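Trainee: Could you build the full structure based on these sequences and the hints that come with them?
8 protein chains.
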Amino acid sequence: MTDAYARLDFRRRERIGMVEAVWGEHKSVEQIAAILKMFQSRNQMALVTRVSSQKAEIVLESIQEATYHVEANCLTVGDPLPKESSLGRVVVVSGGTSDLQVAKESQLALECHGIETDLLLDVGVAGLHRLLENLNYLKEAKVLIVCAGMEGALPTVISGLLPQPIVGVPISVGYGMSSKGKAALAGMLSSCSPGLVVVNIDNGYGAAMAALRIIKIQKH
Amino acid sequence: MTDAYARLDFRRRERIGMVEAVWGEHKSVEQIAAILKMFQSRNQMALVTRVSSQKAEIVLESIQEATYHVEANCLTVGDPLPKESSLGRVVVVSGGTSDLQVAKESQLALECHGIETDLLLDVGVAGLHRLLENLNYLKEAKVLIVCAGMEGALPTVISGLLPQPIVGVPISVGYGMSSKGKAALAGMLSSCSPGLVVVNIDNGYGAAMAALRIIKIQKH
Amino acid sequence: MTDAYARLDFRRRERIGMVEAVWGEHKSVEQIAAILKMFQSRNQMALVTRVSSQKAEIVLESIQEATYHVEANCLTVGDPLPKESSLGRVVVVSGGTSDLQVAKESQLALECHGIETDLLLDVGVAGLHRLLENLNYLKEAKVLIVCAGMEGALPTVISGLLPQPIVGVPISVGYGMSSKGKAALAGMLSSCSPGLVVVNIDNGYGAAMAALRIIKIQKH
Amino acid sequence: MTDAYARLDFRRRERIGMVEAVWGEHKSVEQIAAILKMFQSRNQMALVTRVSSQKAEIVLESIQEATYHVEANCLTVGDPLPKESSLGRVVVVSGGTSDLQVAKESQLALECHGIETDLLLDVGVAGLHRLLENLNYLKEAKVLIVCAGMEGALPTVISGLLPQPIVGVPISVGYGMSSKGKAALAGMLSSCSPGLVVVNIDNGYGAAMAALRIIKIQKH
Amino acid sequence: MTDAYARLDFRRRERIGMVEAVWGEHKSVEQIAAILKMFQSRNQMALVTRVSSQKAEIVLESIQEATYHVEANCLTVGDPLPKESSLGRVVVVSGGTSDLQVAKESQLALECHGIETDLLLDVGVAGLHRLLENLNYLKEAKVLIVCAGMEGALPTVISGLLPQPIVGVPISVGYGMSSKGKAALAGMLSSCSPGLVVVNIDNGYGAAMAALRIIKIQKH
Amino acid sequence: MTDAYARLDFRRRERIGMVEAVWGEHKSVEQIAAILKMFQSRNQMALVTRVSSQKAEIVLESIQEATYHVEANCLTVGDPLPKESSLGRVVVVSGGTSDLQVAKESQLALECHGIETDLLLDVGVAGLHRLLENLNYLKEAKVLIVCAGMEGALPTVISGLLPQPIVGVPISVGYGMSSKGKAALAGMLSSCSPGLVVVNIDNGYGAAMAALRIIKIQKH
Amino acid sequence: MTDAYARLDFRRRERIGMVEAVWGEHKSVEQIAAILKMFQSRNQMALVTRVSSQKAEIVLESIQEATYHVEANCLTVGDPLPKESSLGRVVVVSGGTSDLQVAKESQLALECHGIETDLLLDVGVAGLHRLLENLNYLKEAKVLIVCAGMEGALPTVISGLLPQPIVGVPISVGYGMSSKGKAALAGMLSSCSPGLVVVNIDNGYGAAMAALRIIKIQKH
Amino acid sequence: MTDAYARLDFRRRERIGMVEAVWGEHKSVEQIAAILKMFQSRNQMALVTRVSSQKAEIVLESIQEATYHVEANCLTVGDPLPKESSLGRVVVVSGGTSDLQVAKESQLALECHGIETDLLLDVGVAGLHRLLENLNYLKEAKVLIVCAGMEGALPTVISGLLPQPIVGVPISVGYGMSSKGKAALAGMLSSCSPGLVVVNIDNGYGAAMAALRIIKIQKH
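Chains A, B, C, D, E, F, G and H supply the protein sequences, listed in that same order.
Take numbering that gives the first Met the number 0: the final residue in the first sequence is number 219, and no numbers are missing along the way.
Take numbering that gives the first Met the number 0: the final residue in the second sequence is number 219, and no numbers are missing along the way.
Take numbering that gives the first Met the number 0: the final residue in the third sequence is number 219, and no numbers are missing along the way.
Take numbering that gives the first Met the number 0: the final residue in the fourth sequence is number 219, and no numbers are missing along the way.
Take numbering that gives the first Met the number 0: the final residue in the fifth sequence is number 219, and no numbers are missing along the way.
Take numbering that gives the first Met the number 0: the final residue in the sixth sequence is number 219, and no numbers are missing along the way.
Take numbering that gives the first Met the number 0: the final residue in the seventh sequence is number 219, and no numbers are missing along the way.
Take numbering that gives the first Met the number 0: the final residue in the eighth sequence is number 219, and no numbers are missing along the way.
Derived from the structure by calculation, the hints contain no laboratory data.
There could be a bad hint or two in this list.
Mimicking DSSO-like on lysine-lysine, the simulated pairs with C-alpha atoms at most 27 Å apart in a straight line are [stated by the list, open to error]:
no.	chain 1	residue 1	chain 2	residue 2
1	A	K218	H	K82
2	B	K141	C	K215
3	E	K179	D	K138
4	C	K141	B	K141
5	H	K141	A	K138
6	G	K179	C	K179
7	D	K138	D	K26
8	E	K179	G	K138
9	D	K179	E	K179
10	B	K179	G	K26
11	E	K215	C	K179
12	E	K138	D	K218
13	D	K179	B	K26
14	B	K82	C	K215
15	F	K215	G	K215
16	C	K215	B	K179
17	D	K179	F	K82
18	H	K26	A	K141
19	A	K26	G	K215
20	F	K82	G	K138
21	B	K179	H	K138
22	A	K218	H	K218
23	A	K82	H	K82
24	H	K218	A	K82
These numbers were taken from a predicted model, which means no experiment stands behind them.
Mentor: Written out as structure tokens, the structure is:
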């Protein structure tokens, strides 16, 4: 069965500049450990997302060099890519504490690639003043990742106020008609504010990779 | 075939305090004319919503006393109920010019019941300053009806800023994932702002009747 | 990590007149306790909704002054706002016993704001006489909150009989085509009865805040 | 191309006791005429549903013996089956005038099979008194067909009051969340009233055939 | 809290001829026991559907006179209504063994009302011969209740072969595009076979009450 | 603008053995004519699907060598591939006359590739005998393409009776819950009959190309 | 209760050439054991799909001759049909390791029928080179079964490159807008690549039976 | 009525760097002309999207200085912002000729802001070689906008091959399960390729504004 997870895409970094990332949610502890070892043996960085703390604990027993990032629910092995401070900073913004794990996944994924990040929490549209007070701070960022559940209005409001690239991340928090993030997603896609782009629901990693693609155009 | 539309609910006004309203969209010119005549003969006010100008023109030929309200796409016969200025004012707010017809239908339906109204257009969330400049004005209203299409964020933002009853009206404007108003509706229902209530997509008349029920509790 | 839930909206009461409410469903026992302590230390009332009795028990161990409202699945700290009996009463109506928790959440949320409430249970449309017998009683209420699952017809029937503001709350009870409350929601929004407004599925708290906004227009 | 519509099911009447019915909506005038002629030549009754008056006019030019039923949008040739008055009557009930065509299609389809029918219009739940006044009359029917659009609550209310078989017909009237009859359908299927059965949206003919199957169990 | 489930509809039997039935799925063991006791004390029959064997066991400890029907997942107290053999028999047909519980719920609910029933299992359309072999047997029934999951074609096929009333019950068995019974439901409602009626997904009790309404028209 | 439709895939035939096919529905008369001319000038066969007779007429004026296939709504230029009778025959089966155009599109697309086809119409499951009478004939086919709208049960029934490859084509005929072919599609995918495969709604061309891929495995 | 699962379709193999397969997901350990014994006693092969290892363990205690295929989550009794190597090979292709179980179910189901199979894993479209390197190998297969979750693009890309029959299997892996495989399914059905056919989400067994039907046309 | 479209957001350019754009689809010829005149009188550039050639013709009669861009269905007045060639180029890629209008809308919107663009058409995944041949060319672009209808796989494939920011635009072309672009949208959001971002269906203008936000980070 070793073959079942052996065809990893080791050439990905040279092709599109990203360290390998593995979606850990449906993988067994054994599969995750085997994958991490493969990268370890090649001295490559790797990121495993959506790993519960229970699963992480067991993995860490067999791979002591791995690190578990508890707020982000992620495991890593190897060293992050070298810091690229000259590219500027990505700020991850979030409307509520329930978005924390997704926001942290975004931050970690960017930091693995040497990108500087910051986090601004709890600036939801129901209390607009909290956002407006931070506007000047947000103007400094190169790229914004904006997480929002429920009605998902936050990225719309921010993109009407600021000129940067804004990646909206719908969050699956909510109930009833929020339909596990589909209301937030539909709202962001239907936004009356021009130039807002969106990734899949709860896809903090995807938003980070989008921000990475964007921030790196300065180097081309 | 007269019987087909003869069982009108003439007791509605005494029961729930509303003048008769007829949904004109799927009714023929003949049906609309017959209904209006019945009310005319009883000296009662009646409101027919969703009547195109083409249909209205033909109806007006046979019932000269009827009035067509072109921006609201509505026909009326009879006199509005007496003005109730002491109850205060309902302000109808709208995010874009595409919501105009629904907003006007709301205004007209309230004015038929003697309620004072006002209209504030084009204060969408993509340019937040337009809303913030009008906040003090909105604070004067007894009830707000807030129309919004696309992502439908406007009622959420307003209800986070103001304490009044706010009736959200999702508008079917938009395309793709706005799904004929369903994104706006889901957004309003999932709103992170407490106490926002919603009516069906494009239901300007329904929002008006909700506002009427609300504003009249002052008289009980 | 304290920062993650520190940006609470302490100015909400002065802005829109509501005590702080926290959605407890996805929060950990530690998060809930920390939030309650923050409000306690400021002598402010706070309401945490959707807290299971298991979670509540643990929270109560560290905050003895908190109260758990078992039928409403809610925790509170601090004193309710002063009684405002002159404003009249909100009656919460429900079609079946399965709606009890949502109805109780509505009641509690209003009582936290000093509003008088009452509860009328099990008056579903399948046995219409139970509703008709209570009609005179319902006429006394200033505002009605009407909970209904399955086909959700109860608010439609009541709003055809009574002139008050009626806030429909679709309930997620049912199976198959009731689609976790979406049939009831769609039914209420499509209602042939004018002026019915709706909140999200199971959103007892939201309905209460809508009723609060409404009943307070008498004070403006 | 004659073969394309030649394999008609001439044995259907002996197998399940129904005269042939053809769904005319997507058939051309030529196809309808050819089908009617085939039945005419065999002296069999046939019913073509959903034929616009424009199409009917052209068909009637070539088949003078056919009859167009304008309110039902149907064409027939041949004689109805003999009257079966001893079986009792089917009453078709409808909540609004917009349901008229579907209700008439039901009536006609039953009359083609010799079943006595009656029609009760405009007894929607928004004005409940209109229904309650007719309750004794409805008690006389053997089977009830109840058409309702929008929230579709009428069959639920009636089936809570009366013991007969009730066939609900959701009607595609409405807009927004009524979703072309899907809200009414979901409501009827989720009904809290036991023993209500449902046919497809706008399927007046299907409801009639269900009533026919039911009323004929008295003869077995 | 006794009031929460006290407003039972004791007049239902005289109004629409049905013994009281309670949906047990979301009720606690305490609620179920209390309800059963109320009926016991009035010497009335009662049926509680969707009770797991674990819950049933606990209820039976406090109410020894209750009976648990394990295949139907139902509890009963009191005596069934007197047998009405002259009315004929309802046959419950099912396409697969996965439908067994729903089919048994139907049978039990009819037997509580004195109606004779029979069960024909495993006659799915993928092996048509099993159905065709039983056709003469099915012709004897007064009413057929036909359960089918997955594509739900069985009631369509049967209703093309037999003239009786057929109540289709979509079953939530299946995965992927069977969408928990919604494919079967949509298939039955879209059926090309005339006069098929449908109840909600898995609603064995509802189908039984429909059959009861139908079979009793012979007595009116 | 010539460039806009110049990058045709002229190497497709050598790669996957199919003549070029162009989806004509959203193309203008000018675009269709230009494409056909390109293939003509290269002496290649080409098939344009979904061309209305109005559009075809205009195209034919400028390209006399093109042929319009009226029942299939298709245009062709060039000679079909040589007959491959030794491969056997594909039979296209259809449940109703409304499926005719899709069935004919399938036939034509196969005939363009030299595959022998036949058509069996009007064998819907509501009158099962029509299908059973043709079973031996169907046994002769190498591959079956089975079109069905409404509940889409026909391919399920056939695939339970016959061992060949069966490609189901859901047809968009129907109304209400048939949801423009989605009920038929969901039914076919949820089929209890093993080994049924499906193409998109109304995709007669796609079903033909699937049958072509299948029948040609005999030549490898 | 033995009758409840006794009407097995023992004639299926002679009719459509398939060994009996039982869907084990919702069956109890007792039901599975009873079914396997019935086949054992008739010396017939049988395959039970979707059996967890926990359930399998218990079944194996009472039926030692059964085999559990752990990667495929399947149980079998009896000998596979004789090898038919002359028919060629079916290759099962998969985009990610998460599809492994479905792919293995396909392989096993084919091997039960004597068909030779092979498995090619981890050739997802995000790293196209992995697919292109294996193209010549894939050209050798008679039929391809291509599993893909998330956006489901793999079967589209392969069917644009190769002429064989390709059966797409959407996989329920993913989150948010992948909607448990519905995005992959919709993508495969909407594919711009001609002649791709599809089975239900996760239906590895169904894809195998489709491949069996196809590969066996060489024997007719 | 002038007020209805007077509150234009003239400060938008200074705030977020974009020229005013007006969604022309639901606006009347009079409304479009009035808006264009307002910008003309202020010497500002303005872009009106989704204007049919019929409507454009009439507008051009009253505003001769306006330009109609026929392939993009857009009207403009005023001069584009000065060229910013040093920022590099945005390439708009499209899978089929049916996407042309959306792609052209993207190009035009960028050119209004002085951004250099190019267009690469007809490189759909069904004929992969057309894409692979252009890979080196695409590597030169700063940002890619990739339009795709049907299964929408093109942006997934490209983002697996190239490191730049890629904005996916789902196109509403297709039928059946492509659901007016929703299959393509779901596919792009579920993409297994990291860092792909998406805008609403057919939103060429939005994709352009996203690319503008991105490409301008080089200037900050």
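Trainee: If a hint holds in the structure, say so; if it does not, say that too.
Mentor: So, going through the hints one by one against the coordinates:
A C-alpha spacing of about 21 Å is found between A:K218 and H:K82, which places the hinted pair at or below 27 Å, so the restraint holds. A distance of roughly 10 Å separates the Cα atoms of B:K141 and C:K215; the hinted pair therefore holds under the 27 Å criterion. A distance of roughly 37 Å separates the Cα atoms of E:K179 and D:K138; the hinted pair therefore is violated under the 27 Å criterion. About 16 Å separates the Cα atoms of C:K141 and B:K141, which keeps this hinted pair within 27 Å; it holds.
Restraint check: the Cα-Cα separation between H:K141 and A:K138 comes to about 23 Å, which is no more than 27 Å; the hinted pair holds. A distance of roughly 18 Å separates the Cα atoms of G:K179 and C:K179; the hinted pair therefore holds under the 27 Å criterion. Taking the CA atoms of D:K138 and D:K26, the gap is about 40 Å. The hint is violated against a cut of 27 Å. Proximity of E:K179 to G:K138 is assessed by CA-CA distance (about 38 Å); at most 27 Å being required, the pair is judged violated.
Annotation: proposed proximity of D:K179 to E:K179 holds, straight-line Cα distance about 23 Å (limit 27 Å). Between B:K179 and G:K26 the alpha-carbon distance is near 43 Å, which puts this suggested pair outside the 27 Å criterion. About 33 Å separates the Cα atoms of E:K215 and C:K179, which puts this hinted pair outside 27 Å; it is violated. With a C-alpha separation of about 14 Å, the suggested pairing of E:K138 with D:K218 holds against the 27 Å cut-off.
At most 27 Å may separate the alpha-carbon atoms for a hinted pair to count; D:K179 and B:K26 meet this at roughly 16 Å. Annotation: proposed proximity of B:K82 to C:K215 holds, straight-line Cα distance about 23 Å (limit 27 Å). Annotation: proposed proximity of F:K215 to G:K215 holds, straight-line Cα distance about 12 Å (limit 27 Å). For a cut-off of 27 Å, the pair hint linking C:K215 to B:K179 is broken: about 34 Å separates their Cα positions.
The hinted pair formed by D:K179 and F:K82 fails the criterion: a straight-line CA distance of about 48 Å is larger than 27 Å. Under the criterion of a C-alpha separation no larger than 27 Å, the hint pairing H:K26 with A:K141 is inconsistent with the structure, at around 36 Å. Restraint check for A:K26 and G:K215: the C-alpha separation of about 36 Å exceeds 27 Å, so the hint is violated. Our distance criterion of 27 Å between C-alpha atoms is met by F:K82 and G:K138, whose separation comes to about 24 Å.
This hinted pair does not check out: B:K179 and H:K138 have alpha carbons roughly 38 Å apart, beyond 27 Å. For the hint pairing A:K218 with H:K218, the CA-to-CA distance comes to about 13 Å; that is within 27 Å, so the pair holds. Proposed proximity of A:K82 and H:K82 is contradicted: the alpha carbons are some 33 Å apart, above 27 Å. Restraint check: the Cα-Cα separation between H:K218 and A:K82 comes to about 21 Å, which is no more than 27 Å; the hinted pair holds.
In this structure, the hints that do not hold are numbers 3, 7, 8, 10, 11, 16, 17, 18, 19, 21, 23, in rising order.
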